[in-house]
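S.K.: In case you want the letters, here they are:
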Amino acid sequence: MALNDFVDSTAANPLGRPRGIWSALHLDPILLFLLVVLVSGGLFVLYSGADRNIEVVKAQGIRLGVAFVVMLVFAQLDPSVFRRWAPWLYCAGIAALLAVLLVGVGAKGAQRWLALPGLPRFQPSELMKLVVPMMAAWYLSRHYLPPRFRHVITGLAIVLVPMMMIIQQPDLGTSLLVGMAGIFVVFFAGISWKLITAFVALVSVSAPMMWFFVMRDYQKQRVLTLLDPQSDPLGAGWNIIQSKTAIGSGGIEGKGWLQGTQSHLEFLPESHTDFIVAVLAEEFGFIGMMVLMTVYFLIILRCLYIAVTAQDSFSRLLAGALTMTFFIYIFVNVGMVSGLLPVVGVPLPLISYGGTSGVTLMAAFGVLMSIHTHRRMISA
Amino acid sequence: MPWGEFKDTAAERRLFQRRAMVMLVFVALLIGGLLVRMYQLQVVEHDVYTTLSDKNRVQVQSVPPPRGLVYDRNRTLLAENRPVFSVTLVPERVDEMEQTLAQLGGILEVSEEDLERFHRRLQEPRRPFQEIPLRYDLNEQEMARLAVHRHELPGVEVKAELVRYYPHSELTAHALGFVGRINRGELQRIDPVNYAGTNYIGKSGIERFYEDLLHGEVGYQHVETNARGRTLRVLERENPVPGEDLQLHLDLRLQKRAHELLDGRRGAIVAIEPATGGILALASVPGFDANKFVTGISVKDYRELSESRDKPLFNRALRGQYPPGSTMKPMLAIAALDSGATTRDYTIWDPGYFRLNDSGRRYRDWKRGGHGWVDLMDAMAESCDVYFYEIAVKMGVDTMYSYLSRFGFGEDAALDVSGALSGLLPSREWKRAMRSEPWYPGDSVNLGIGQGFMLATPLQLATATSLIANRGTWAEPRLLKEIEGDTPVTDYLPDGTHEPLKLKNPADWEYVVETMAEVMHGRRGTARRAGSDAPYRMAGKTGTAQVFSLAEDEEYDAEEIRERLRDHALFVGFAPVENPKIAVAVIVENGGGGSSTAAPVARELFDAWLLEFSANDDGALVGSVKAGGDE
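Here the protein sequences come in this chain order: A and B.
Our numbering numbers the first residue of the first sequence as 1 and each following residue consecutively.
Our numbering numbers the first residue of the second sequence as 381 and each following residue consecutively.
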């Protein structure tokens, strides 16, 4: 069946234009160009953030290469494949999360990985960033849009179950991204503004409850530290103080590539992973930050265009949600490094070193490209 | 199931387009918000964070000054500084202390004791971010191994430090004193700025007395550091002012000879140059290795030293308070002549004992049968006790006290010798205050031969002897001879406060000196054997002090106890008689008689100083020796 779709779609000539290399590969040249700009620029910053360790840059290059292949594979699949497989993937994902909670392996007090015999260790929660919006889009697109109230509730339940399971691991960052991905589907589906207002109100009311019943001590500490970094200048506050110092001391033009004292003198923690944007801000200044934000914004703009021009509700909802998840990465990471948000483990997309997030993100871009390149000649 | 068949796809598309527009605005606003935040940090508050960043990066470190060196009078180095590499930890920067210590234990040899000392220091109050040493004196292999693992060990540093080193440790430990780690009490006393980088302070002797001179002034450097406090480069430096180098009157050769002469015994020797008061030798035997104390002595080594029955840590020359015995007779002779209690012609009959009245108890002479008819000259030469019993009773305690105190007894008369004790010069007031008893004539009898309550240190005996050699002119004992550079010694050396001891008949000085020469050279002089065949004339007085009681309850060893109950052997003297170059006090604990044990030691010192060493000096002595020989 999947093979059939594959053959079917490649045979089609979606826009009636002469088949070029891009449509043959099912790649979107504009999005690809922007991603290449981002990734190659990111490797330069990484080289500095990793204190000129070329091995780190090489490893990241290899990882991005793998991610590119994953993107290529996802781009070849017809969107209907994702739609058909969504419920099964979702059930498998829930099962995997359950397995993580029961028999998962972990590091640093968290239990996030599943080590199945014969398979490489993997993190099911990472997959859920793709699977949850797929499932939500599958469910909501089966009904008339905008969704009825009970469909909204079911849709939110689809999102909430894996989210709560990931919080248990505990992994606040991933759970947040998974939850946001699902909620954006609900939003794009056309949930009424009345319900959105009520939802926001509910969250504001439940926040204090979360504080007392859900959040772990270290998570509370992060929030407290955000409010007053000086309260623990050598512990949790250290990261925030040092990253703000790095950013602020960069000024307009920055200290220059490889010239950042905060990062190279080891004041900035995790300077090549979650806090890499501080390295960029220190060395390339406000101008560098504007360039980075512009590239990100252009990527989001292109992705939203892909979503808007998608041909069915499932594709639109999925494309929109994946785009917004990408944005949430950016916003949470930069917000946390610049001291606007509490420190949660969210990497700067496609620039931070390590993790599986790069592969997941590129897979999402693969899905977006698939949606864009598998459009058929049907009446608009 | 056909997808979207019954749905209004156009309406859904329009709905989605509207939502996408809302999201685009949302994204634009939030990205704008992030950029506003960046603008705030990077442009508006740029200066604040630049300052913070520089403050992060640049630290002011204190640079301890190198401690001044100490030389002897011949410019032989007695105390120098040696670079020692130690591994230190900054507790504030160590994540897991126990784990780090365990890991270090795998890389270098860290003894239980090092750990114990480290933990003790960890508890003590200290400056924040100050490193605590774990182990000293790393060897090359250990430093190499540590370098390999350094990146895994935040807060662990290898520090090069100049540490005091005493090349002649055993010989100079008691004379020079030594430095050690600054302790809690000292921490409160010292200037925190000037001692910011200093770990050591003079604990005793010269090191303590001239601490201010030797220490120097702290310097500063601005260094770039990383977050772990590791110094990456020096940006700016103000060099410290090194401590002053000191030259002492001490002569290492004589000091060494003194140690050799006392080797295997317990005792002390103090040699003074009478003209200057300069201390030529200050020996207390047995000695100890002062270097062990510098970086912190191990508990085991310390216990060994402190529990040794020979008390090597005890500075006998300055703090050993002994009954001076007959070595007091020259001073008492001066007192008796000047106060009129006796004259050069006054003669007494010594039957071998003395009685205060016809029925009183007998005070025995050391010679059973007595000395027969003796005058002052004979009494000194033969050390006749009865003569001195009689003149002591005639003088009474007040006169004796008055004269003896002017010789420096009962006080610490030395200028720059820290830790010296003042002995005990008894008086009527003292006895009433301390014993609630009046002064009995019998007490005077005992004082007349330097026994009873009287206690004196070897340094005091040498000082008093030096005063006789100077014929009454005071030159308070001192160790410091020169400060290198332009600083005059007198700026730091305290002033002497003693008035010269003027006699009604100054010729009495010469007379008493002659009686002392008779001890050495006279036909019946007690030290005639020690004084024989000398190419110069010397003056001296032997002494033997009874050891009254000794706490010996730890173990019973008859042989040992007998040895430790034996009399102390003493000797005081100077040479040459006409132009004294050296005055000495010698005490050999449980050495038996002063004439047989202590006097030969003094003779060896005289020979060494006047014949052996001074030949290289200036030859001034050769003339005086010749003069002595001519007489």
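Derived from the structure by calculation, the hints contain no laboratory data.
The structure displayed is predicted, hence computed values, not measured ones.
Do not rely on the hints blindly, as some may be mistaken.
List time: in silico DMTMM-like cross-link candidates among lysine to aspartate or glutamate, alpha-carbon distance up to 25 Å [stated by the list, open to error]:
#1 K220(A) with D690(B)
#2 K435(B) with E472(B)
#3 K539(B) with E425(B)
#4 K691(B) with D669(B)
#5 K435(B) with D51(A)
#6 K882(B) with D755(B)
#7 K882(B) with D725(B)
#8 K435(B) with E253(A)
#9 K680(B) with D690(B)
#10 K58(A) with E532(B)
#11 K884(B) with D718(B)
#12 K194(A) with D388(B)
#13 K539(B) with E266(A)
#14 K58(A) with E266(A)
#15 K435(B) with E537(B)
#16 K435(B) with D217(A)
#17 K220(A) with E476(B)
#18 K672(B) with E476(B)
#19 K435(B) with E266(A)
#20 K884(B) with D725(B)
#21 K435(B) with E270(A)
A short list of chain A residues far from chain B (calculated; beta carbon distances all over 10 Å) [said to hold, decoys possible]:
#22 W22
#23 R52
#24 A59
#25 M210
#26 Q242
#27 A246
#28 I300
#29 L340
Restraint-style ranges between C-beta atoms, simulated for each label pair [said to hold, decoys possible]:
#30 M401(B) with A115(A): 21 to 29 Å
#31 T294(A) with E616(B): 38 to 46 Å
#32 N53(A) with L615(B): 21 to 29 Å
#33 A115(A) with N606(B): 35 to 43 Å
#34 Q479(B) with V291(A): 19 to 27 Å
#35 S442(B) with E253(A): 31 to 39 Å
#36 L615(B) with E253(A): 43 to 51 Å
#37 N53(A) with D434(B): 20 to 28 Å
#38 L615(B) with A115(A): 48 to 56 Å
#39 I21(A) with E476(B): 23 to 31 Å
#40 S442(B) with G256(A): 27 to 35 Å
Virtual Cβ for every residue (Gly too), placed ideally from N, Cα, C.
S.K.: Tell me if the straight-line CA distance from K691(B) to D669(B) falls inside 25 Å.
M.R.: The given pair, whose Cα atoms are some 13 Å apart, holds under the 25 Å limit.
S.K.: Was L340(A) rightly flagged as not at the interface, with every chain B Cβ beyond 10 Å?
M.R.: It is violated; L340(A) is separated from chain B by about 6 Å at its closest Cβ, not greater than 10 Å.
S.K.: Does E532(B) lie within 25 Å of K58(A) when you go C-alpha to C-alpha?
M.R.: Holds: K58(A) and E532(B) sit about 23 Å apart, inside 25 Å.
S.K.: Taking 10 Å as the cut and beta carbons as the points, is A246(A) off the interface with chain B?
M.R.: The claim breaks: A246(A) does not keep its Cβ more than 10 Å from every Cβ of chain B (closest is about 7 Å).
S.K.: For the pair supplied as a hint, K220(A) and D690(B), is the alpha-carbon distance within the 25 Å limit?
M.R.: violated (66 Å)
S.K.: Taking the minimum C-beta separation from Q242(A) to chain B, is that value above 10 Å?
M.R.: Contrary to the label, Q242(A) does not stay out of reach of chain B, its closest Cβ about 8 Å off (not over 10 Å).
S.K.: R52(A) clear of chain B by more than 10 Å, beta carbon to beta carbon?
M.R.: Answer for R52(A): holds, closest chain B Cβ roughly 15 Å.
S.K.: Taking 35 to 43 Å as the hint, is the beta-carbon distance of A115(A) and N606(B) inside that range?
M.R.: holds (36 Å)
S.K.: Need the status of pair K220(A), E476(B): alpha-carbon distance at most 25 Å?
M.R.: Holds: K220(A) and E476(B) sit about 23 Å apart, inside 25 Å.
S.K.: Just to be careful, I want the Cα atoms of K58(A) and E266(A) compared with a cutoff of 25 Å; is the pair within it?
M.R.: holds (22 Å)
S.K.: Taking the beta carbons of L615(B) and E253(A), is their distance inside 43 to 51 Å?
M.R.: Violated, since L615(B) and E253(A) (Cβ atoms, about 23 Å apart) do not stay within the stated range.
S.K.: Given the proposed pairing of K194(A) with D388(B), does the C-alpha separation stay at or below 25 Å?
M.R.: holds (23 Å)
Of the hints listed earlier, those the structure fails to meet are numbers 1, 3, 16, 18, 26, 27, 28, 29, 30, 34, 36, 39, in rising order.
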